[in-house]
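Student: So the chains spell out like this:
There are 2 protein chains.
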Amino acid sequence: MKLTIQKDELNDAIQQVSKAVSSRPAIPILGGIKFDVAHHGVTLTASDTDISIQSFIPAEIGDKTIIRVSKPGSIVLAAKFFVEIVKKLPENDIEMEISDGLQVSIRSGSTDIQMVGLDAEEFPVLPSIEENDTFAVPGDLLKAMVRQTAFAASTSEQTPILTGVLWSLHEGEFKFVATDRHRLSSRTTYVETNPDYKFGNIVIAGKTLNELSKIVPDANTPVEIVVADNQVLFKVDRVLFFSRILDGTYPDTSKIIPQVFKTELTLETKKLTDAIDRAYLMSREEKTNIVRLVTLEDGTIEVSSSSSELGRVTEQMDVKEFSGDPLRIAFNSKYMLDALKVIDSEHIFIGFNGAMSPIIIRPTDHSHNLHIILPYRTTS
Amino acid sequence: MKLTIQKDELNDAIQQVSKAVSSRPAIPILGGIKFDVAHHGVTLTASDTDISIQSFIPAEIGDKTIIRVSKPGSIVLAAKFFVEIVKKLPENDIEMEISDGLQVSIRSGSTDIQMVGLDAEEFPVLPSIEENDTFAVPGDLLKAMVRQTAFAASTSEQTPILTGVLWSLHEGEFKFVATDRHRLSSRTTYVETNPDYKFGNIVIAGKTLNELSKIVPDANTPVEIVVADNQVLFKVDRVLFFSRILDGTYPDTSKIIPQVFKTELTLETKKLTDAIDRAYLMSREEKTNIVRLVTLEDGTIEVSSSSSELGRVTEQMDVKEFSGDPLRIAFNSKYMLDALKVIDSEHIFIGFNGAMSPIIIRPTDHSHNLHIILPYRTTS
Chain A
0 MKLTIQKDEL NDAIQQVSKA VSSRPAIPIL GGIKFDVAHH GVTLTASDTD ISIQSFIPAE
60 IGDKTIIRVS KPGSIVLAAK FFVEIVKKLP ENDIEMEISD GLQVSIRSGS TDIQMVGLDA
120 EEFPVLPSIE ENDTFAVPGD LLKAMVRQTA FAASTSEQTP ILTGVLWSLH EGEFKFVATD
180 RHRLSSRTTY VETNPDYKFG NIVIAGKTLN ELSKIVPDAN TPVEIVVADN QVLFKVDRVL
240 FFSRILDGTY PDTSKIIPQV FKTELTLETK KLTDAIDRAY LMSREEKTNI VRLVTLEDGT
300 IEVSSSSSEL GRVTEQMDVK EFSGDPLRIA FNSKYMLDAL KVIDSEHIFI GFNGAMSPII
360 IRPTDHSHNL HIILPYRTTS
Chain B
0 MKLTIQKDEL NDAIQQVSKA VSSRPAIPIL GGIKFDVAHH GVTLTASDTD ISIQSFIPAE
60 IGDKTIIRVS KPGSIVLAAK FFVEIVKKLP ENDIEMEISD GLQVSIRSGS TDIQMVGLDA
120 EEFPVLPSIE ENDTFAVPGD LLKAMVRQTA FAASTSEQTP ILTGVLWSLH EGEFKFVATD
180 RHRLSSRTTY VETNPDYKFG NIVIAGKTLN ELSKIVPDAN TPVEIVVADN QVLFKVDRVL
240 FFSRILDGTY PDTSKIIPQV FKTELTLETK KLTDAIDRAY LMSREEKTNI VRLVTLEDGT
300 IEVSSSSSEL GRVTEQMDVK EFSGDPLRIA FNSKYMLDAL KVIDSEHIFI GFNGAMSPII
360 IRPTDHSHNL HIILPYRTTS
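Each protein sequence line maps, in turn, to chains A and B. Going by numbering that gives the first Met the number 0, the first sequence runs without a break in its numbering and finishes at 379. Going by numbering that gives the first Met the number 0, the second sequence runs without a break in its numbering and finishes at 379.
Hints listed in this document are in silico derivations from the structure and should not be mistaken for laboratory results. Values in this document were obtained by computation on a predicted structure and should not be read as measured data. Mixed in with the good hints there might be a few duds.
[To be verified] One side only, chain A facing chain B, incomplete, derived with CB under 10 Å: (1) A77; (2) K87; (3) L88; (4) D276; (5) K286.
Think of the CB as a built atom: it goes at the ideal place given N, C-alpha and C, for glycine as much as any other residue.
When you get a sec, could you build the whole thing from the sequences and use the hints?
Tutor: Right under this line is the structure:
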């Protein structure tokens, strides 16, 4: 293996794949980045057991020569050191060469690095995925779908399936659902695909989707998605992102979403967010995060929280619309804030069915995004 | 106590004094901020045992009314909640009132907060300091002096006196020295003061000086300094910052600074910093941070480091001037980087007296700033 490569493009590819490097690898080779050098370009690969990321750097981009390969070959280099050193090399031209067995020379300006690599043959082989049915989602939309659901997934390894986000596709409706049993968030969109193509019970770890979001550009660049038996593959520009599908059956949550409400409110999203945020600061002191919402006779609402040591915060708010029964309910202010912060619309609808039933929060201008919070059962 | 106060000015003063609030107060009142409300303005005070900060908000700034006091008074409010909530109040007008005993109402827009305060009488009294001899240092210079020395102070509580920075004043020369026994940094400047006024063995905790730096503006605003028996007082605009002086006798370091050298180098600061930074990345893998510097026969130098697992980094560098004996020396790359990063000059001088003697680093264009690093005694 012998080549010269431009620092900026190498660094970009390293930053992309390094998200899949285990910080505490079970075996040393998983702490590495694999280089596959061919005449048409260099492929970098990193993998922990859940995520694998591959990034291809072409030899030429437009008129610009990025890589000159004298001799193809493969090697695995320890990511921890390599990721940092590449950023700091003095010149844009980097020369890499396997000088002897697994010994790699890296030269840039008057810097000379001798690294001991690992055998590329020992690097895990990426899953081979049959690309029968694929579909595409614009990058910014995919990121919004992750942002509006993944936070509601469980962080407890006691219920591994709930640490994931449930995916389904049915008649072109592509849906994400996440729940930790105390709250639920869902988001849908429509995608162009073979009308008969459908799937359900595809569950992908929330933290994997958050890592994916970091790679997906904030633009409507299409992200191509291939769902296979136990892997999902995302193709973004020259990057392939493989995610394991979580084992297990996701609980059926379709029946817990009420369609009629005893009390309905429409409010300004920002006003409520700010009020709950202030109440949250006080509720946090009590560790419970309990906030109370009460409808008043004059058609306004009152949000309040208290701490036995510190005192009490009371917020009075106008609502845009109010109908149904008077209400007195308590809920986790952190859960409410999490939901309010990902709603992009100016106004929200909140539906209640008494103090003991789930609270529904959704934007007023579309029905693609829905949040449910279970109330606290308090005596006061 | 009853007043209205503008949020922005209150928030600024809170941010200043909150740096002195203990995160884990030994007694609850030290977790609070004291409000002293008088007709001419409001004084906020916070104190842990090492630092006390007082900030005064005048009733009027220029033509603008900041505070309207209906009734003077004092109270202590829990900082943890209060610091956060003030930032988030909905309106710029804040109304505060002691309604009943220690019960405080805070109102802004439609937000109503009831807080239980603590008795201001129980708040520690600030030291009274006799202002005989005072002197002033421009804010940006004082910050530079802290930045160029405090990092070299010890972080080990086993040698409490070395966690501080030694101050001395003699014939107008104001000097900072810090050492952790492995390295030493010093910085001097000249101040205008009574020519007979002098002090020595004034030791202030490095972390206190770093906190002070956060309050001092990045401009040549004068910071007035009053050194008393066991406290130093800093006056910055409307803020008073009191620091305890550490107990104990600082070791005499004046004799360890060599005046003649067997090997002398002059180099570009940035070039050496970048080269050491790359070598540091490799040396870090070995935990020892050992980097070697060798003078070569062609008048250049070589900086290198190695890791038994990973490999080796070698940097070859031109020097601007080189005189004296050939040299082969090893040192802690982190200590060298720390010193190089605070030197503002384009070129540096490094003086050596063989592989076993202290290394001296200083800018070439002035002698106000000096760094010493002890070498490693290695066999190879």
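Student: All hints, please: hold or fail.
Tutor: Hints, one by one, checked against the model:
Hint on A77 (chain A) holds. Least Cβ distance to chain B is approximately 6 Å, under the 10 Å limit. Of the supplied interface hints, the one on K87 (chain A) holds, with its beta-carbon coming within about 5 Å of a beta-carbon of chain B, less than 10 Å. A distance limit of 10 Å between C-beta atoms decides the matter here; for L88 (chain A) the minimum to chain B is near 8 Å, and the interface restraint holds. Among the interface hints, the one on D276 (chain A) holds; its C-beta lies about 6 Å from the nearest C-beta in chain B, closer than the 10 Å criterion.
The interface hint given for K286 (chain A) is broken, as the beta carbon of that residue sits about 13 Å from the closest beta carbon of chain B, more than 10 Å.
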